[in-house]
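Protein chains: 2
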Amino acid sequence: MDIANRNEKNPIIVPADVVPSVEGAVVECVLNAGAFKFNGRIGLLMRVAERMEQVEGELSTLVADENSELGVKVVSFKLDDPKLDYTDPRVFSYEGVPYLTTISHLRLAWSDDGVNFEIEERPLLTGSGKMETFGIEDCRVTQIDDTYYLTYSAVSENGVGVALQTTKDWKTFEKYGLIFPPHNKDCTFFEEKINGKFVALHRPVGADVGGPYMWCSESPDLIHWGNHDCIARTRIRQWDCQRLGAGAAPIKTDKGWLEIYHGCNDESRYCLGAMLLDINNPTKVIARSDEPIMEPIAEYEQKGFFGNVVFTNGHIIDGDKVTIYYGASDTVICMATMSISEILGTLV
Amino acid sequence: MDIANRNEKNPIIVPADVVPSVEGAVVECVLNAGAFKFNGRIGLLMRVAERMEQVEGELSTLVADENSELGVKVVSFKLDDPKLDYTDPRVFSYEGVPYLTTISHLRLAWSDDGVNFEIEERPLLTGSGKMETFGIEDCRVTQIDDTYYLTYSAVSENGVGVALQTTKDWKTFEKYGLIFPPHNKDCTFFEEKINGKFVALHRPVGADVGGPYMWCSESPDLIHWGNHDCIARTRIRQWDCQRLGAGAAPIKTDKGWLEIYHGCNDESRYCLGAMLLDINNPTKVIARSDEPIMEPIAEYEQKGFFGNVVFTNGHIIDGDKVTIYYGASDTVICMATMSISEILGTLV
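So the sequences go chain by chain: A and B. Heads up: the first sequence begins at 2 in our numbering, then just goes up one per residue. Heads up: the second sequence begins at 2 in our numbering, then just goes up one per residue.
Hints listed in this document are in silico derivations from the structure and should not be mistaken for laboratory results. Don't be surprised by glycine CBs; every beta carbon is placed ideally from N, CA and C. Hints are supplied without guarantee of correctness; some may be wrong.
In silico DSSO-like pairs for lysine-lysine, Cα to Cα no more than 27 Å straight-line [what the hints assert, rightly or not]:
#1 A/K131 / B/K256
#2 B/K131 / A/K256
#3 A/K198 / B/K198
#4 A/K38 / A/K256
#5 B/K285 / A/K194
#6 A/K131 / B/K198
#7 A/K285 / A/K253
#8 B/K74 / B/K131
#9 A/K74 / B/K285
#10 A/K176 / B/K194
#11 B/K176 / A/K285
#12 B/K172 / B/K74
#13 B/K131 / A/K198
#14 A/K194 / B/K131
#15 B/K285 / A/K131
#16 A/K194 / B/K176
#17 B/K131 / A/K285
#18 A/K198 / B/K176
Chain A is faced by these chain B residues, among others (derived, beta-carbon under 7 Å) [stated by the list, open to error]:
#19 G160
#20 G227
#21 I237
Please model the entire structure based on the sequences and the hints provided.
This is how it looks when you write it as structure tokens:
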């Protein structure tokens, strides 16, 4: 089942629309955008993945560099240097120090109509500090009062964790470091306190026992988190049997908190589904999609850097309509709308 | 190098000393004890691992059961039941529900001299609630003022995380749920605030990038944690190249915080080493053992359920002397003493 109304202009943002952050860099993918409203406009905080154009006989890549005005610097190695180990196409090492061949930053795009976006020429946020040397990815933007909370994947040789920054004006940012240690991704905040506590969904990964499941945690201040509770596991033989993770902030409805999430099966096919959480106790899952509410069926959702993927981490609510911004095939940004009551109708 | 003075009575506690928690259960291992002082006595909060004696044609195991007076219940399945899947010796499943063949609880032992222990006949704490269905393991006990903080591994089908309970009298306990989500273990608190914040060491595990590294985090209340920082990674070709994790609470010295930790190499040989952390900024590692300060060299450290292991999560400080309680070969509890100044001498 697929109840998404795809925009006829899809994909609405493609890599060729994005100016590389440094000379010689190639924008490989623009994907997985957080979405928010600010000063009457719609903003997308997009993930831009770049790699360096390669010169013969050399291997070059980008690393985050907070001391550089560009936020990144280029490092190059001679392919015949015996200290270089580059057997894996995604990661290589020099004298034991690892590097990724592709790193991501976050870039803003602005729109009045939610479809036609003006993309800023420079990155908004690049990896900074030792927890973000390999870049930052997949940001959820949650607004609580007049503050925007940015929760994103911080990638470094230390692992992948969830970092937090806040802003009120989209010009100055406050950093709070990692709020969830590795391995963790797919973190979104609820937009209001529940029983006097802030609440987050996130996606740690078990080892030995457990797996990539959805968890719910609480906080007095949005910076320190505890009372971690696993609320949804993968389901054997179903569309979300291999992994799952939260999308953007849960939507408050009179039936409960509606969370649109991604799930992936054994063929690494990413679909969207929905979960209904108890309004007073969001660790209680009232209902969950037996079938996806959105599947990779359009050509741009099936072919790309990593095909058969629809993945969302940003939406805009307008009454019963939810406008979903989603990454398709890990390559482009697309848009679709759904009716909230129709999603609820599939659940209960 | 090995600077440990092993007690001549080692091992001081063996499985045969421990009364099983239910009829038909076999104590397989008694290991990895937290250590503390209470009312002038030394207490060990030991991990006791049990399995069920097997009846022919059946497969029985224990699961945590908070509604049972014993804290656990026995579940049995017919081996010819087609719903039973028992190909793995450590874990099996019935109708898709997983079970472990061995589960652990925490049991107290008391001593006046620190060598001869009286073991309680009943478990003190058993797994309780959905995060501890497969038991609880490897508890660190940290005393801050008159409260004892118990940080231990909570094991369930949701993964392995770190849970917190507190007590003042070793009779009544307050539960605070998971303070670190999966995969996480080896958590100890510092015994005082640093720069106005409580501090913990713990051991999350990265996926894709990162690994089983030591992290340091801070908290306003010991329940909610943030500002997670990786402070020590595995070191290629060294004794701690495969994984590492904190032992008991860091020891305050005039050189800095001294943390005795375990490391493991590619042959899964577990040794103890030391780390010196800056007194005002414990995320800063001043020095770290090039060579272990204790290695599995005694016979009881080399042979057992899982050989070649010395692992500590409990110690008692008396002036310059640290008495280390440690699990040997994952089977028995042993004791050794070291001079703190001698450990520091190996570091700086």
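How the hints compare with the structure:
no., hint, verdict
1, A/K131 / B/K256, "26 Å, holds"
2, B/K131 / A/K256, "26 Å, holds"
3, A/K198 / B/K198, "20 Å, holds"
4, A/K38 / A/K256, "25 Å, holds"
5, B/K285 / A/K194, "35 Å, violated"
6, A/K131 / B/K198, "22 Å, holds"
7, A/K285 / A/K253, "15 Å, holds"
8, B/K74 / B/K131, "15 Å, holds"
9, A/K74 / B/K285, "26 Å, holds"
10, A/K176 / B/K194, "23 Å, holds"
11, B/K176 / A/K285, "20 Å, holds"
12, B/K172 / B/K74, "22 Å, holds"
13, B/K131 / A/K198, "22 Å, holds"
14, A/K194 / B/K131, "25 Å, holds"
15, B/K285 / A/K131, "13 Å, holds"
16, A/K194 / B/K176, "23 Å, holds"
17, B/K131 / A/K285, "13 Å, holds"
18, A/K198 / B/K176, "18 Å, holds"
19, G160, "2 Å, holds"
20, G227, "4 Å, holds"
21, I237, "6 Å, holds"
Violation of the numbered hints given earlier is confined to hint 5; every other hint is satisfied by the structure.
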